[in-house]
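J.: Single-letter residue listing:
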Amino acid sequence: MKLRRVLLPLVAVLAILGLFYVGLGMDARELPSPLVGKPAPAFELESFFDPEVTITEADFIGEVALVNVWASWCVTCLREKPLLMELARQGITIHSFNYRDTRADAMRYLSRDNNPYTTIAFDPDGDAGLEWGVYATPETYVLDARGMIRYKRIGPLNAKILEEEVLPLIARLEAEKP
Amino acid sequence: MTGSAFKNCVQRHWTCPGALGTMALLATLVLAAFAATPGAAKPMMSPVDFATPEQEAQYQKLVRELRCTVCQSETIYESNAALAGDMRRRVYEMTVAGASEQEIIDFLVQRYGDYVRYRPAFQANTALLWVSPFLILVAGTLIWLQAVRQRRRALTRAGLTADERAALERFRHGE
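Residue numbers (the working numbering), protein chains in the order written: chain A, 244 to 421; chain B, 4 to 178.
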């Protein structure tokens with residue numbers, strides 16, 4: 244009887260502390276990415292450089308590639324850009340969405356010899372952004388050669404993430420390519 | 004109203020109110036929720052062109068049930084974020100195109116995850132969330148019953164002398 248009187252509250256308190264502990268370990272800011280494992284969503288946009296040219300998801304598909312979402316008003320993108328330049332120098336294909344931007348501003352952002360992107364789709368109204376589940380710039384997806392989304396990073400890339408997650412994944416996807 | 008006209012309307016009239024504007028908006032929302040009479044004043048951020056009253060009702064319901072994913076604790080109805088504007092616009096366009104409530108929710112869940120729903124669906128990973136209040140109620144009731152039964156048993160416990168029992172009675176009556 245006495246044992247129960249001590250044991251029961253003890254177990255209850257431990258259970259609650261356990262819940263708190265698990266709760267502390269959770270990151271409320273971690274955002275889910277339901278698109279990972281799914282095919283690249285369809286879209287149809289003007290090319291950034293030529294309004295006459297239409298770009299669709301087919302232009303992003305064919306080889307292992309990154310898809311980066313950026314805007315000239317996005318300071319974090321500007322900070323991420325040298326990293327993308329380095330990736331492009333290493334021969335990694337980077338497609339992109341220019342998100343909620345104007346051509347003039349974005350053109351200044353790129354400046355002529357400072358463009359890491361193979362393809363730029365112009366998305367001034369965030370239409371494709373919604374299809375791709377974009378939260379906020381910058382965001383980066385990894386597509387495999389068949390056009391499946393294999394990875395998504397919300398927020399800027401950094402050297403650690405590149406070395407530990409993105410580059411090994413790209414190497415693996417290149418290896419499994421038919 | 005065409006799609007681009009709607010966009011203009013979004014850009015021109017759905018501008019960001021400041022803190023005061025947000026308060027006013029919340030007040031309007033609360034009033035609207037309580038009044039809920041047809042013909043009540045429309046909140047300021049509503050598109051007006053719906054083919055049927057059902058469509059409008061669906062739009063008004065959905066924008067209050069979907070989370071603005073970048074602001075985390077606002078619905079897309081309350082939020083001034085650009086993304087919330089995009090999501091409202093998409094809900095509007097799909098509603099006018101005749102999509103059902105479920106189709107629109109599914110569309111957004113596919114892209115942004117369950118997170119986009121302000122009212123979590125009842126499914127495997129949310130079962131505990133929905134059931135726990137009732138579990139706690141049941142557990143509390145059981146503990147309470149147990150305590151009552153124990154107290155009652157203690158009162159009728161044998162093994163006391165007549166004197167002791169009399170003393171206990173006096174004590175219970177506060178003498």
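In case anyone wonders, no lab produced these hints; they're calculated from the structure. Small disclaimer: the values here were computed from a predicted structure and weren't measured. Misleading hints may appear alongside valid ones.
In the SDA-like style, the derived pairs of lysine to any residue whose C-alpha atoms are separated by at most 20 Å in a straight line are [unchecked claim]:
#1 A:Lys395 to B:Tyr118
#2 A:Lys281 to A:Lys245
#3 A:Lys245 to B:Leu158
#4 A:Lys281 to B:Ala84
#5 A:Lys281 to B:Tyr118
#6 A:Lys245 to B:Asp109
J.: It remains to establish, for every hint, whether it holds in the given structure.
T.: Hints, verified against the model:
Distance check on the hinted pair: A:Lys395 and B:Tyr118 sit about 16 Å apart at the alpha-carbon level, within 20 Å; holds. Restraint check for A:Lys281 and A:Lys245: not satisfied, since their Cα atoms lie roughly 58 Å apart, outside the 20 Å limit. Restraint check: the Cα-Cα separation between A:Lys245 and B:Leu158 comes to about 18 Å, which is no more than 20 Å; the hinted pair holds. Taken as a hint, the A:Lys281 and B:Ala84 pair is broken in the structure, with Cα atoms around 27 Å apart against an allowance of 20 Å.
A C-alpha spacing of about 18 Å is found between A:Lys281 and B:Tyr118, which places the hinted pair at or below 20 Å, so the restraint holds. Distance hint between A:Lys245 and B:Asp109 is unfulfilled; the C-alpha atoms sit about 54 Å from each other, more than 20 Å.
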